[in-house]
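Engineer: Fit chain B to the known structure of chain A by using the hints.
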Amino acid sequence: MLLTLIILYIISLIYISIVERFRNYASIIAIQGWILLGIALLRLHSLDWVELSFIVIETLVFKALIVPAILTRVINQTRINRIRTSGTSQFNSLMLSVVALIISAIMTYYIADSSINMVFFGVALYAMLSGLILIVLRSRIFTHMVGFLVIENGVFLFSMAIGVEMPMLINAAIMLDILMSVLMLGMFMTKVDHKIHTDDSDSLTRVKD
Amino acid sequence: MIYIFFAIWILVAAATFFARSRKMVHSLYLIYLVSHAIFGLNLLFGGAYLSTSGEFFTFDQIGTLFYVLLFVVSCYVFIHSEEYLKDDTIVNYRNYFALLMLLTAAITGVYFANNIAITWILLETTTLCAAGIIYHRHSKATLEATWKYLFVCSTGIAIAYLGILLLCATASNNSLNYNDLQHLIINGNPLYLKAAFLLILTGYSCKMEIFPLYTIGVDANFAAPAPASAMISTGLVNAGFLAIFRIYKLFSTTEVFPWVKNVMLIIGLLSLMVGALFLRRTNNYKRFLSYSTVENMGIVAIGLGIGGIGVWAAIFHVVCHTFIKSSLFLQIAIVRQIYNGYRINRIGDYININKVGAIGLLLGMIAVLAFPPSPLFISELMIMMEALTLRGWWVLAIMVLLICIVIFTVCHRMIKLCYQSNQDELHLSNINRRLSYSALSLLVFALVIGFWQPTILRDIIDKIAMF
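Protein sequence lines correspond, in order, to chains A and B. My numbering numbers the first residue of the first sequence as 30 and each following residue consecutively. My numbering numbers the first residue of the second sequence as -17 and each following residue consecutively.
Incorrect hints may appear among the rest.
Looking from chain B toward chain A, a few residues come up when the C-beta cut is under 7 angstroms (computed) [as the list claims (entries may be wrong)]:
no.	residue
1	L132
2	S136
3	A140
4	A151
Don't read these hints as lab results, they were simulated from the structure. This structure is a prediction, so every number in the text was calculated from the model and none was measured. Glycine included, each C-beta is placed from N, C-alpha and C at the ideal position.
Bound conformation, chain A alone:
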């Protein structure tokens, strides 16, 4: 079951590299949230209600429901539905994504030891590289936001790759990180597009030398 979820997660990462419609981005982020919920529940050490409620809030409430809902609202408000056609082609994005997958697998093979779960480590690395690829290749702010969320999901998987059980302090820190993401999304939704009237990161060039 766990392996199936991991494979589904990898497929979602490959798919996100070729997606052009913003609604599909929002759907993939929601699907990733559900997959992460499944993985986290399967990895649960014992039935600890505090840990369980934390997992549900982080994955289901935030990653699978609230964040995709905010993304959808942004799409409805801005009425921008696609990435720029002048950007990198789907084929090139796919190739880059596959290269990132291969690099992640090779790095995992050489780096991981007994203290780290190889499968989780590799997928987390691939997720982070996919997020970076999205931010670098796509010019619209919306896609950058999605790239950031993909990186955040990668970080979540990475925390699972580490064998030691994290104290509640770290869990609280992750919640703060998510709060930050939601804040960014909120700001993006209400302010950036309204004030700057831009759908393009190239327009964010007032603050520079």
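Structural biologist: Showing chain B alone in chain A's frame:
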């Protein structure tokens, strides 16, 4: 003890958010500063020094030293902000002060945190508070700067989190206390340790304003009101430095420490290079001062990279830089009120418009360029001598070359502000010489340290640098 003060600071900040008049904001920030003074006095004379508060905070030497600096700078920043924002609406005014209070409280927490996760959480909190301050003017430029600040800082903090996770994997334990970690990682996997250090350094570089994520600090200083920039460029930068320094100290007992020092040296040289080159490129005095911070923090990183007496010099450099840079930012705030802008090519003749302010800027120029009697002269000389002894001539040659570029550029730009003919509209009614004198007094602190370093300061830095 610290938890009670945190509660007081948060309550006062919350009350400020709902203040109905400037007088009320004024009273609240006085209460806030008095509570900080009580906390500081208790720390220094009430027996709290070197003790632990709860599970997560320790009042160690470096935290206490930086806290004293933060308190001094924050007093100046609050007083200057009041005058600087006198034309703002009450909503903007109270929000600014409340966020500044929260930022100061979060920075205080970073200084005293003895747990790597608490440091990380509080650094993230500083991002939230600083973002509100950066967005203060509600213009397109500030919105863009805020967006970039939040985006890059969040990514940076997420990267640092990965490093912390790797460190935990190496330690094979869930204790995140710095002292415990220091013992646990001694025999850790060198590859993991190196990766963890790189990730944490990259993440925290956005706070310390060094390469690679230095840009975001420059943008933040540019967009925030100038008195707040004085806080961001000193108090917050010191918090970033302290977070990195604690990690650096953590690694000092591991076998990868020589590699860690090499990384710090490279990062320091790259920061110095970026600072030197962008100082020439920018056309805005606030960004100009920010790049000067990047350059100075580069020198600090080089000091850590060299090791030995370089560590002592690096800490001394940070202490003196705090006084000098906050003074310069507060002076530039007065410049903005007179010219209504910071454009390097257009504004000038400042020596005839505000002589005290111009002298403050020229003295600040001498101090920041490490000309004697600047205290930075001592630290830079020590770093260079140690570089020559431990690292060979090439580090020294690169440093000297880049510092020459910095000296030429800073002199050229500052003298331009004072003596070139002015092309912008003047708002002479905004001249406030008392504030110029006030900012100048901060510089006097630095210059006094240049002539005479108190024994207590030397002893504290000795203890901090000894590990």
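Engineer: Holds or violated: the hint that L132/B contacts chain A, with Cβ atoms closer than 7 angstroms.
Structural biologist: Holds - the Cβ of L132/B comes within 7 angstroms of chain A, reaching about 5 angstroms at its closest.
Engineer: Would the hint on S136/B stand, with a C-beta cut-off of 7 angstroms toward chain A?
Structural biologist: With a closest approach of 5 angstroms, the S136/B hint holds.
Engineer: Please check whether A151/B passes as an interface residue: C-beta within 7 angstroms of a C-beta belonging to chain A.
Structural biologist: Because about 5 angstroms separates A151/B from the closest Cβ in chain A, which is inside the 7 angstroms limit, the hint holds.
Engineer: Would the hint on A140/B stand, with a C-beta cut-off of 7 angstroms toward chain A?
Structural biologist: 5 angstroms, holds
The structure meets every hint from the earlier list without exception.
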